[in-house]
Amino acid sequence: MEKRSILHMLDPMPHNSPFDINMAMDAGFDVLMPYSNVKLESVHGLTQDAIFSRSPAGIKRTAIFVGGRDFALAMDMLSASQKAMVPPFEISVFADPSGAFTTAAALVACVAKQLKEKHNKELKDCKALIFGGTGPVGIATGVISSLAGAETTIIDHLSIETAEDIAHGYNRRFACSLIGGYAGTDIEKAKLIKSCDIIFCTAKAGIQVLNAGVLNAAINLKVVGDVNAVPPLGIEGIKRGDNGAPLQLALNSKGAVAVGALAIGDIKYQLQHSLIKEMLTTDKPLYLDFRDAFLKAQKILNL
Amino acid sequence: MEKPFILHMLTTAKNLSPFDVNMAMDAGWVSAVPYINVEPSEVQGLVQDAIFSRSSKNLKRTGIFIGGRDTKQAMDMLKMAKRAMVPPFEVSVFADPSGAFTTAAGMVAAVERELLKNFNTTLTGKNVLALGGTGPVGQAAAVIAAQAGANVRIIGRQLEKAQHVADVCNDEFGDGKIKILAGADADKAEYIKTTDVVFATGAAGIELLSAELIATAAQLKVAADVNAVPPAGIAGVDAFHDGTKIENSVSGAVGIGALAIGNVKYQAQNRLLKKMIESDKPVYLHFEHAFEVAREYVKSKTQS
Numbered sequence: 001m002e003k004r005s006i007l008h009m010l011d012p013m014p015h016n017s018p019f020d021i022n023m024a025m026d027a028g029f030d031v032l033m034p035y036s037n038v039k040l041e042s043v044h045g046l047t048q049d050a051i052f053s054r055s056p057a058g059i060k061r062t063a064i065f066v067g068g069r070d071f072a073l074a075m076d077m078l079s080a081s082q083k084a085m086v087p088p089f090e091i092s093v094f095a096d097p098s099g100a101f102t103t104a105a106a107l108v109a110c111v112a113k114q115l116k117e118k119h120n121k122e123l124k125d126c127k128a129l130i131f132g133g134t135g136p137v138g139i140a141t142g143v144i145s146s147l148a149g150a151e152t153t154i155i156d157h158l159s160i161e162t163a164e165d166i167a168h169g170y171n172r173r174f175a176c177s178l179i180g181g182y183a184g185t186d187i188e189k190a191k192l193i194k195s196c197d198i199i200f201c202t203a204k205a206g207i208q209v210l211n212a213g214v215l216n217a218a219i220n221l222k223v224v225g226d227v228n229a230v231p232p233l234g235i236e237g238i239k240r241g242d243n244g245a246p247l248q249l250a251l252n253s254k255g256a257v258a259v260g261a262l263a264i265g266d267i268k269y270q271l272q273h274s275l276i277k278e279m280l281t282t283d284k285p286l287y288l289d290f291r292d293a294f295l296k297a298q299k300i301l302n303l
Numbered sequence: 001m002e003k004p005f006i007l008h009m010l011t012t013a014k015n016l017s018p019f020d021v022n023m024a025m026d027a028g029w030v031s032a033v034p035y036i037n038v039e040p041s042e043v044q045g046l047v048q049d050a051i052f053s054r055s056s057k058n059l060k061r062t063g064i065f066i067g068g069r070d071t072k073q074a075m076d077m078l079k080m081a082k083r084a085m086v087p088p089f090e091v092s093v094f095a096d097p098s099g100a101f102t103t104a105a106g107m108v109a110a111v112e113r114e115l116l117k118n119f120n121t122t123l124t125g126k127n128v129l130a131l132g133g134t135g136p137v138g139q140a141a142a143v144i145a146a147q148a149g150a151n152v153r154i155i156g157r158q159l160e161k162a163q164h165v166a167d168v169c170n171d172e173f174g175d176g177k178i179k180i181l182a183g184a185d186a187d188k189a190e191y192i193k194t195t196d197v198v199f200a201t202g203a204a205g206i207e208l209l210s211a212e213l214i215a216t217a218a219q220l221k222v223a224a225d226v227n228a229v230p231p232a233g234i235a236g237v238d239a240f241h242d243g244t245k246i247e248n249s250v251s252g253a254v255g256i257g258a259l260a261i262g263n264v265k266y267q268a269q270n271r272l273l274k275k276m277i278e279s280d281k282p283v284y285l286h287f288e289h290a291f292e293v294a295r296e297y298v299k300s301k302t303q304s
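Protein chains in written order, with my numbering: chain A, 1 to 303; chain B, 1 to 304.
Hints in this document: simulated from the structure, not taken from any laboratory.
Small disclaimer: the values here were computed from a predicted structure and weren't measured.
Hints are not guaranteed to be accurate.
Listed next, the in silico DMTMM-like pairs over lysine to aspartate or glutamate satisfying Cα-Cα at most 20 Å (straight line) [to be verified]: (1) B/K3 with A/E278; (2) B/K3 with A/D30; (3) A/K3 with A/D76; (4) B/K3 with A/D266; (5) A/K277 with B/E207; (6) B/K275 with B/E296; (7) A/K254 with A/D125; (8) B/K79 with B/D171; (9) A/K204 with B/E42; (10) B/K3 with B/E296; (11) B/K188 with B/E207; (12) B/K57 with A/D266; (13) B/K82 with B/E288; (14) B/K245 with B/E278.
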């Protein structure tokens with residue numbers, strides 16, 4: 001009898017994400033084992049524990065998922081797990097902290113598609129702002145957008161130091177070129193968005209970050225993407241189902257279009273689903289992170 | 001392909017109750033995922049995480065169970081979970097802290113059955129004494145009985161604590177529509193004289209009602225005890241009793257023990273866990289629903 005497939009779900013936070021649990025189950029894993037409060041130091045031991053109890057044939061039915069809320073920590077855990085493998089005792093590992101890698105990959109790819117279709121531009125021609133830029137999805141969006149060539153600013157709503165520290169840290173580690181920014185008030189937001197081409201909104205669910213008044217300030221705006229699915233949405237006038245619909249409230253940016261949370265969520269879902277599934281179907285172990293997510297997102301959207 | 005049934009099981013305690021995990025699996029949930037040490041403030045985030053990863057069709061195959069030990073906290077978490085839904089992204093939630101809601105429902109439904117069978121009457125207007133009634137099972141049983149029309153008094157060792165619990169029951173669980181009273185354990189000899197029904201829901205191994213007091217209970221009809229560990233909470237009522245005459249009773253009262261209550265409790269919890277799966281639209285289940293299904297079960301057994 002074929003062994004049941006097992007996904008060991010490692011999470012440094014107090015709880016695994018119910019979102020990821022649903023996704024892993026739906027992608028076809030038979031058994032999910034949550035491990036919460038996992039420390040980076042424990043990843044080596046947990047990985048080796050997981051690989052040595054099954055034959056090389058059996059371990060094809062075994063994989064590790066790395067969750068959490070922290071981009072860098074998830075990447076560290078992914079690499080610690082990869083280093084702990086002892087070929088041929090080796091299994092696939094997929095890092096997607098808070099689903100941030102797949103959400104960010106879907107967001108950036110959906111926006112890139114609209115840029116190309118509606119404005120005949122590419123990310124590398126554009127200035128991008130990320131509101132809620134210092135949270136998990138914001139950082140991942142920033143790294144992906146910057147590596148794709150956009151001049152990318154991650155914006156914190158409390159402190160410029162936080163944003164700059166994060167930008168420098170990620171630039172050093174992932175060879176991207178993030179800029180740190182800050183905007184607390186509507187006036188500060190309006191000033192920032194004046195010259196930008198792209199707005200990514202990755203702020204907390206249920207909070208409106210940009211209202212119509214602020215949007216008026218934008219004169220070059222081409223595409224906005226908002227991952228918030230809980231009303232009020234992050235950008236006034238956007239609808240969850242928008243996928244290239246005109247952002248009419250941006251009065252001074254003719255032709256600006258919007259991508260809402262459900263359109264992004266649809267691609268994100270396909271991405272996470274297929275990456276988890278690949279761990280079950282692959283012949284040799286895979287180590288998947290935000291780069292794989294963005295490549296796959298581009299493929300899904302024919303970019 | 002149909003998506004597997006996933007029950008996200010939240011508890012504020014440091015472990016889930018293995019009882020609840022077994023129950024969930026046996027009711028048809030394929031995967032039961034534990035979330036321990038959950039803070040009430042985390043409920044909204046966990047719920048919204050759970051609802052957005054499946055289509056609204058498959059959300060019918062997703063549920064949330066709220067355990068823990070504290071009745072009010074569990075009810076608060078149930079309300080928070082309900083508020084966190086973003087229709088049509090919505091899943092069913094069932095709160096049963098320490099299994100207290102279904103245990104209480106099982107006990108009250110069994111009591112109702114014995115009242116009807118032996119005394120041809122109902123809970124309406126009956127005087128109920130909830131001994132050791134300040135814990136989770138006692139609270140839920142008091143509220144269910146009060147909602148069914150009984151005059152309930154919660155008895156605790158300290159009057160002050162019993163009064164506080166009664167207030168919480170009336171205001172929080174009964175929406176201000178019920179009036180549960182409080183009493184001190186020291187005064188129960190007085191109360192027992194006019195009591196029709198006794199619930200014993202104290203800690204295991206403590207006798208709450210002695211044979212001497214039972215002999216003074218002139219209108220006692222049914223006495224139910226959830227304690228399965230000897231000595232029994234009510235003298236003369238053992239775990240196997242199920243409508244059995246209580247020795248010493250001058251009024252022909254019958255006793256219901258822990259195993260008989262446990263049987264109805266099991267059915268109630270099983271049915272609610274199944275209801276989450278079978279219901280077409282999301283349901284939010286607590287002690288009231290537990291009592292509905294416990295009653296249904298008891299009725300179906302009586303008829304057959």
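Hints broken by the structure, by number, lowest first?
Checked against the structure, the hints that fail are numbers 3, 5, 10 and 14, while the rest are satisfied.
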